[in-house]
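From just these sequences and the hints, can you work out the full model?
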Amino acid sequence: MDPECSRLLPALCAVLADPRQPVADDTCLEKLLDWFKKVTEAESSLLLLQENPCLVELLSHVLRPQDVSPRVLSFSLRLAGTFAAQEDCFQYLQQGDLLLGLFGEAGTLGWAAWNVPTVRSGWIQGLSSLAQHPSALHFLADSGAVDTVFSLQGDPSLFVASAASQLLVHILALSMHGEAVEHHSPQGSAWPTCAQKIVGHVEESLRSTAAPQVTQALNVLTTTFGRCHSPWTEVLWEQLSPLVACLLERDPIPAGHSLVDLLLSVARSPVFSSADCGLWETVAQTLSRLSPTQAGPLALGTLKLQHCPQALRTQAFGILLQPLACVLKATTQAPTSPGLLDGTLGGSMTVDALLSSKSACAGLLCQTLAQLEELHPLPHRPSPWPQASLLEAVVTILQLCDGSAAPGSSVGGRLCGTLAGCVRVQRAALDFLGTLSQGTSPQELVPQVFAVLLEYLESPDSSPTVLKKAFQATLGWLLSSPKTPGCSDFGPHIPLFLGELFPVLQKRLCSPCWEVRDSALEFFTNLSRHWGGQADFRQALFSSEAPTLTQQLLRDPESYVRASAVTAMAQLSSQGLHATLASPEHPEAEQGLLREFLNILSADSEGFPRRAVVQVFTQWLRDGHAEVARDTEQFVATVLQVVSQDLDWEVRVQGLELAQVFLTQKLGQPGHCPYTVALPEAPLPRLRPEVLRTLCQPWLLEFAFRALFDCDRPVAQKACNLLLFLRDKTAPYAGTQETGDSPHLDSMEAALQRWQAGEQGQPLGDPEPEAMLAVLRSLDLEGLQGRLAESSDHVEKSPQSLLQDMLATVDILEENEADCY
Amino acid sequence: MKLYCLSGHPTLPCNVLKFKSTTIMLDCGLDMTSTLNFLPLPLVQSPRLSNLPGWSLKDGNAFLDKELKECSGHVFVDSVPEFCLPETELIDLSTVDVILISNYHCMMALPYITEHTGFTGTVYATEPTVQIGRLLMEELVNFIERVPKAQSASLWKNKDIQRLLPSPLKDAVEVSTWRRCYTMQEVNSALSKIQLVGYSQKIELFGAVQVTPLSSGYALGSSNWIIQSHYEKVSYVSGSSLLTTHPQPMDQASLKNSDVLVLTGLTQIPTANPDGMVGEFCSNLALTVRNGGNVLVPCYPSGVIYDLLECLYQYIDSAGLSNIPFYFISPVANSSLEFSQIFAEWLCHNKQSKVYLPEPPFPHAELIQTNKLKHYPSIHGDFSNDFRQPCVVFTGHPSLRFGDVVHFMELWGKSSLNTVIFTEPDFSYLEALAPYQPLAMKCIYCPIDTRLNFIQVSKLLKEVQPLHVVCPEQYTQPPPAQSHRMDLMIDCQPPAMSYRRADVLALPFKRRYEKIEIMPELADSLVPMEIKPGISLATVSAVLHTKDNKHVLQPPPRPAQPTSGKKRKQRVSEDVPDCQVLKPLLSGSIPVEQFVQTLEKHGFSDIKVEDTAKGHIVLLQEAETLIQIEEDSTHIICDNDEMLRVRLRDLVLKFLQKF
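Protein sequences, first through last, are from chains D and P.
Quick note: the first sequence, position 634, residue 634 per this note's numbering, numbers continuous.
All you need for this note's numbering is the position in the second sequence, starting with 1, plus 1000.
FYI, nobody ran anything at the bench for these hints, they're computed from the structure.
Beta carbons are placed, not taken as given, at the ideal position from N, Cα and C, and that holds for glycine.
Since no wrong hints were added, every one of them can be taken at face value.
Using 27 Å as the maximum straight-line C-alpha spacing, the simulated DSS-like pairs for lysine-lysine come out as follows:
no., chain 1, residue 1, chain 2, residue 2
1, D, 358, P, 1256
2, P, 1020, P, 1202
3, P, 1002, P, 1202
4, P, 1066, P, 1159
5, D, 358, P, 1459
6, P, 1020, P, 1510
7, P, 1462, D, 358
8, P, 1354, P, 1372
9, P, 1442, P, 1414
So the derived label-pair ranges between C-beta atoms look like this:
no., chain 1, residue 1, chain 2, residue 2, range
10, D, 532, P, 1491, 51 to 57 Å
11, D, 648, P, 1483, 54 to 60 Å
12, P, 1317, D, 377, 43 to 49 Å
13, P, 1612, D, 406, 55 to 61 Å
And the structure:
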């Protein structure tokens, strides 16, 4: 330990032990504990305690409970656990009966402070840290701690209850650790006493009729199988699986969710990958017995397993498909397509669940749709994948939700009533519909998909969030729709759909709800990005008002919308889709757009539109947009001038990105890619003076230098990197022409110093490029880069500072107290 | 208790409730959908309308061609529009004691009832209801009277002829009772019979019942009514809304514990969400105007228009529509806009608090100040000077059959740049547009109906828990166009009782109790006896005095000495009954087994007990005697053995308490 810290420690321990000096901040204690953990990892705890007797004093002090606040008590318990994790230190603390006093039945447990959850939590965490060696096991057995942990499993504080379960697993694993090494998977009766006790408790809980007890036992087992992958876990499962199977006989099945978690945890354990231990039968039985809502996660988990009998996979998939099959069955008169309805087992249970209440119906459908969505992209998803039926089902659900379905059966009628206007299901269904676009769908279903999407886009009742999902799904389907082979244009559906889409899009762009305008713009931008070159799309776009409306939205009162409009207009302009640009007789339109963007950049009161503009400009520069290419230097100069005045640091960072792109284009790629084969270095071509002059334009360097001393760290970092790049690139040139001291250089350095001191007023003047480069070289950019890379609180994070702070806080608290009187 | 249903229109109800000797009319809505069968009344001579071909029968018989005209496949009556009145034959309307009005849309038939049926009672309504109701009537009369029409068609109404007509004329109901619009004089006379009331004010009707208006949240001054006696409560819910718009929020709590809840005036468009529709309205308006087109909004001069103007107030700047003029044209436009600002106490909390700032509660005041909204009594006069296009025009009537809207339909109908946006839900927009076909103008249907939808109704019913619900038959089944939507109907237990036009419902609850007051001196004389812990009884002898539906027990006069038999007989027939010597009253029940044991103890043998449906029969075979024990009576049947009977009676009495 740092001697300075050692010096501060006694004072701190005294403060902690003094109940009249309350510790102001819990996080200090957490940090202190973290630090002690780090220290004990590096050096011997025993030595630490011997060198700093104040620590043992603190621990002994808390044994007098009336004098200690619960948080200090909790801290001390955890601290003691941390020290006792090392066996020699454990022995040392044991000698003074300190551990028994803290963790034994005569200790903390009897105090009034035990009622405070923090203390119970500290007790458990202390024991968890301590339980690392055989001596600890004996201690746990002798002190009766394990029984206390059993009772804490049902603690009213969830944190404590969960920690208690974890601790049991930890003790079980620890006690089995030595055994497993010595004998290969001994039978349960030969297990150490401690392990037998825990397993006995779990067995008893599994037999209990009280659901919370069963849940606790299942949670312990779930964690055990999740964490321990030694052969003894197989023995454990063999011993306990009959009890687990018995749970399935009960009605209702207790703790369904925990049971699912356990089965999945066992199934995922590598120990069981090859063993045939009745697991799959139990899973199959559970799948058929649980309610559809509870069985869903188990089915999904089973399908995600790599190794699993095909029959079980089929059953699990059937369970997942069940709700959708029910929906299809209830809404169609004709016998439905095969694939979805094969596994109709337990269908009545699903129908009951769907019809029992609005929330149950929405819950089950949302869960099912989300699970299928999760399954869809997996490489080992069930095969054959019933794409057509799924599509039909999800379209039907969407129709039920907007009231456009006309089901024949009474179940369908009730579903329609239950689902009408249900936003949750609409969102889930649209998400899944979007996912289904990534697959081969039967051509005859595609028009239905587009029809239902159009219904949602058009409906005045679609909420903004539903509409956003509808736009996303539409984009997915449009982009994935197959193109006619050998022809750049689309199949038969798309032009028709586009004809109907644009009026809807126009309406949405005029919506009084800004979220709707925003998502409509986003959709429009994405669509133009992908399809800007397609003739059908261009035709539909030009015959609509969408570009004009988009341009009007540049002056929207909502800043997010203005930002999206900027991106959309930039996209249109890049692809020549800007309304007036299409006609060659209006070349000024494009300039108008550039002016409008510059205007937004300099005048908009909100950051988002300004950030969007700089991003667009950077992209235009990268792409060599016509407007930029006309006079790149002038363009970059103008933009950077405006950006340098901006108050938003993200805009300034973006400005530096623009500068970087500009420099890269002039000088070539920065650095070398570490993965490319290094070619023998060709002698660097000398930079031509005019290029150098361009690079060392005062506006560019002044911008970069000012940014270097920016009060926002990301800006400074970016500027530093930019200047490093420039310095590296110009290094060969500089070597030949050393300028030495010049008046320019002096004045520049003076200006930089003032900037660094925070005086930004002084301009750089108009120095020679050589002077610029000299300054560049004279700066310790690497050092600066290192300093900037450190987090801003690196000084404050040292343990010494922590200790000082804690002591100082106490002083202040004392002062305040004095003031009061 | 009976309910007479005089209107078949669920949102324009007219019911009569007979309750405890009072006859109360609940609303008198006027079904104006009948006007859709008539040709529009153009303000300016319209060559198109006047040159429509006359309609002739299939066989070429053209005797109706003066009365019926054909337009784009539809047949219209070329006459002054007529309205379908509430049923007047079902009950003698002169016996109606009071009329309770729930909102200004539900009082449009008032002049027909108060002026032509011998009605002599009082009408109760809140102040905004009366004032805005007057505006609606004034506008209606004005729209119709300013386009005088010489012709009044009646031939087509002949039942034999009507059968030959095409739909929908063929199916029109009660055409013989359709009437032309009332006059302003009748309106004034009808409104003079109204007495103003405030929310939660209790109004006594003949001492028998008390009526109270409650805020219903639908429109300025709109109310639901509670009609209650001491032991019965009937709630009348009509046109209520739970949405936050301009009126005071709905008072639901006071509707609790009703015996009967009459539920009318739910939303006419249960599938449309008003918020979505307002969004749709704004988007379409902006799209049209940006393209250089005009927007026509057929509307009533009060109600949703206030909310629309408020939405537009927030929207126009953001949509870049600040320079577009908004015109509101109605003979009562000015009064409507001004009235809305002065009824602060009837507004929602937000708007009320503005008045204290002080600011006008509705932002349309600012629209008017900044000249963005202009209002005119009609298209003639100042409007024609100021008129600038593209623009947005709000004007009536939503049926498109009369009012300034007819002119704009004729003017703008030919251009596809223009849009007509329907926001009022009362008329089918396709039927409203029928006489203007073919139409190039775009039509948008955004019905904004803020009244309760079925989800809200089911929540409301769950909360207020009425014993019985009565509603129009339309609410007990899904709408015909969406027969599978089982959620679009009232679902309650026990199922709602439904009514249709001209039904008479006997409401399913019996009056059991009546409150009677006891005079203090009589109460003083009572001697209660505790028969069970907490329950005391006393016998009362008194004179029941009933006047003005109030019942009072008064002490009986001292028993007069009987003078002669003749005189005594005379007294009996008078109001004060004779007081006889009091016999003790009995209470309790007879435990059969113990009774039999007692009988045996007293020497009776050969006793048989038979169970009957109502109790037991104890058979004393030897004595040939029957003792019939039932819940509320005991009979001893023995032949002429009075001694035995008295003995048995005394044994029976031993088991009973006396007081």
